[in-house]
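Trainee: Take a look at the letters that make up each chain.
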Amino acid sequence: MIKLRILEEFTKKHESKIKDIKHMLYLFRRSFLSMMGLILVLFVILVAIFAPFLASQHPSFVEVTSERGTKRVEERWSINFEEKLLPPSPKHLFGTDDYGRDIFSMVVYGARTSLKICLLVVVISTIIGVILGGIAGYFGGKIDEVIMRITDIFLSIPGLILALAVASALGRSIEHVMEALIFVWWPPYARIIRGQILSVRENQYVEAARSIGASSWRVLFKHVIPNSFSPLLVQITLDLGAVLLVAAGLSFIGVGATPGTAEWGLMISSGRMHMFHAWWYVTFPGLAIFITVLGFNLLGDGIRDVTDPRLRR
Amino acid sequence: MKKDTILKIEKLRKYFPIKKGLFTFSKDYVKAVDDVNIHIRHGETFGLVGESGCGKTTLGRVAIQLIPATSGTIYFMGENLTELNKSELRRIRPHMQIVFQDPSSSLNPRMTVKQIVGEPLLINKKLRGEALNKKVLELLYTVGLNEQHLYRYPHEFSGGQKQRIGIARALALNPDFIVLDEPTSALDVSVQAQILNLLKDLQNKFGLTYLFITHDLSVIHYISNRVAIMYAGKIVEVSKTKELFEKQMHPYTEALLLAIPIPDPKVKKKLKPLKGEVPSLINPPSGCRFHPRCTKRMPICSKLEPELREIEDQHFVACHLYNREIR
Amino acid sequence: MGRDTLLSIRNLKTYFFTYEGVVKALENVNLDIYPGETFGLIGETGCGKSVTALSVMRLIPEPPGKIVEGEIWFKGENLLKKSEEEMQKIRGNEISMIFQEPMTALNPVYTVGDQIIEVLLLHKKFSGFSMENLPKYNLLRRRKIKKEVYKEAFKEAVEALRMVQISDPEKVAKQYPHELSGGMRQRAMIAMMLACDPSLLIADEPTTALDVTVQAQILELMKDLQKRKGTAIWLITHNLGVVAEMCDRVGVMYAGYIVEMGATEKIFDNPDHPYTRGLMGAIPKITEEKERLEIIPGTVPNLIYPPPGCRFHPRCKYAIDKCKESPPPLVEVEKDHFVACHRYEEVKHSVIVKKERKI
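Protein chains in written order, with the numbering used here: chain A, 1 to 313; chain B, 1001 to 1327; chain C, 2001 to 2359.
Here chain A stands alone, though its shape is the one from the complex (with noise of 0.2 Å):
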């Protein structure tokens, strides 16, 4: 009884939120692309959780130093030469590749990998994006100034160039295409949050909680980026597909991660010339990038057309 009590106090506190969460998945329902995109991410995320009860074969993990003396962990798979190149069977749902090592397997757990880089990337980013964008929107002036002309930059920086300098400078690793990447993504949030603070901070709302007594950094936590930030959040849901891309595009050219790695796109790239005589070595872990890129992409758009107040009932 007492469950139920506090279930409908929780309930009560909490009306309005949840009838406005229930309309806008009415709108998302309505679009078949958006619910689309939408499973197709769940379904990612849920490969990546349930890795090891799906995959036949399991990675090992193992602490290296390097030449330097750093110490890093890297995957490694078992290696079976008798099973090497074999076509898709039901032992091999999508075939081994050149070292025997089941596909089905690499790319369920590469789901890990991709969904680790594009989250930590997007995250950090963006909450070094909008601490920046944040204060430079909020306080004007100089501050402003100085940080946008920061911004910019980092701006100029080509990202592609800044992974392969700091890959051959540290050594390729996942870790350290994260890290360059981190430092060309931040900018663009930096930027649309300063823009909305721009327009957000002449609310009313915001006089208010001065006159109230509010300190300048809980008028701008509180009430300046909470309402700043819905075109981020679009822009964060695209880019977690672009993070994607790029990360395998960096591990294809062989900047990203340490051969062995489970990462689909070093198995694209190792697949390479192997392409015509073992098509399937390519495929699947070109399909996955592309269902999982495909899924952000979609579920980005419907964000984005939900939350637009002007489609609003």
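The set of hints was computed from the structure by calculation and includes no laboratory data.
Any given hint might turn out to be false.
Said to hold, decoys possible - Label-pair distances were calculated between CB atoms; the ranges are:
id : chain 1 : residue 1 : chain 2 : residue 2 : range
1  : A       : 32        : C       : 2059      : 30 to 36 Å
2  : C       : 2085      : A       : 26        : 35 to 41 Å
3  : A       : 202       : B       : 1088      : 24 to 30 Å
4  : B       : 1206      : A       : 46        : 57 to 63 Å
5  : C       : 2292      : B       : 1018      : 42 to 48 Å
Glycine included, each C-beta is placed from N, C-alpha and C at the ideal position.
Fit chains B and C to the known structure of chain A by using the hints.
Mentor: Then chains B and C, alone, in the frame of chain A:
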């Protein structure tokens, strides 16, 4: 300073500099408030009337130091606000609050009513949990809302209800003085009536003093005890409300009354529109700012600015027509 | 009906089909506008005034809105039976509409003069040139429009601007909307809408966004133009002062239908419908001493689930059972005075107390 004066503004100026780029400041200023003197007595409703762009909104905000003044002094309950530092100002802030014009944009769309009305208590009195809940409910009841509304969002309410929420927020800290910036301009007639009645009741109940800013003369007539007319950053006339409607001294006040349509068809007057438009505050006309549009202007009006003087008992005008020394 | 009306709306029903339900925005709207007069449509936010005007212009967005029933008689023809093409010939030409925010109603990328010319070219002939000969997208391509035609149209545009008392109209015609002040923009819009001499001008809150003194100027201008051209003006506003000043006849609207209609003085001084009475009692007036303003209890109803019968009954102190059962029809109770109330007789005889004062 008389004992019952709650707010005394002397020679107040607020100039906004016009920036022209990162390193250059042009010498131009928007002179929104230019040399204003006002006394507001404890417990009264002081009306401030003018058209948009005359500076009344800025004056309202500077009066409670939401915006810092450029020069001049503001005495509030005996303290000189212009000389206080940030933390001292924060101490005094609960005594002077403001209700904004647009109910839609004065409430944060992402906060519930409870959060909005509770925020001042959270920040200043550090109330939490049950205590906060209780006080918020009390405030809601005072303005005619109830606990059903606690967890709702602003967009679920009508304009009148939103304005009530704004008033509840302003009352949260038990202020003595409230600036009301066009609180009913965005509302329908019948809703406006409710809000005006509510404001009157609250004033009686809590002994509040109001600075009521509006461009609607009918509302001013109904609610204020004394009224000041503002034009292009300056106060041109101050008097008791009843008197102002019976006898206007400044030509602008006269024109204003003639320009405003009265909802009474029997009083169908020939609307005598004033020629010209509201002057720019960056380069206001020389001398008396109203002289380019004034039908009674004299040569001196373009040269010398008239001072606000008491011509009759508690009736002040800034106009050379009443300046006996000049005539 | 007596003399011939210019515009007659009968039993107009406009609904909006939305996610949350069917918004019955207009339910049996009946009103008349006579040629050359100024008719005021008053009512509070959400009562359907703008929807009525848009329905007449057939500008209701078709999903989610739909004119479900009714007749709109304009100069003897039913506008609801006309095709879109026929309506386009009427809009801007015989019925024009001006809106509240001149900045959004005027296109910022075209000069004021060009916008007036657009209206002129759409409906009039110049030097034997007619818009019908051009495919639609060539509207403002100056090269395609012969120089002589453009020059002639430009001259007329300048005259239109002069008529709205804009000084130096040639200069203004070449300016863009953002270069003009609010008052000037509104005048430009009036010029644009009167350029083709319409018989009916619909003005939807034309002065609400303007300063008080500018508002007075615009109202004087409209009165003056009306006298000169004989245009009927349908003024929609919630500003009762403007209505009292400008209008010959007034219609009071509540929750999607007309509750009272008649001469301005009658409606303001001695209204018979309970809602109109409440409204007039709620206005602060300089000519009256009021200790408290009268309040109409309750709030405007939700138009998805409107109250049954008379939509005002939940807030009406004269309500009886009949009011819940059937909506009262709009009945002519005196010459040119219409009321929609079942208890009209009793309400009429209850006295309104007023304390007058001279100004």
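Trainee: Which of the numbered hints above does this structure break?
Mentor: The structure breaks none of the hints.
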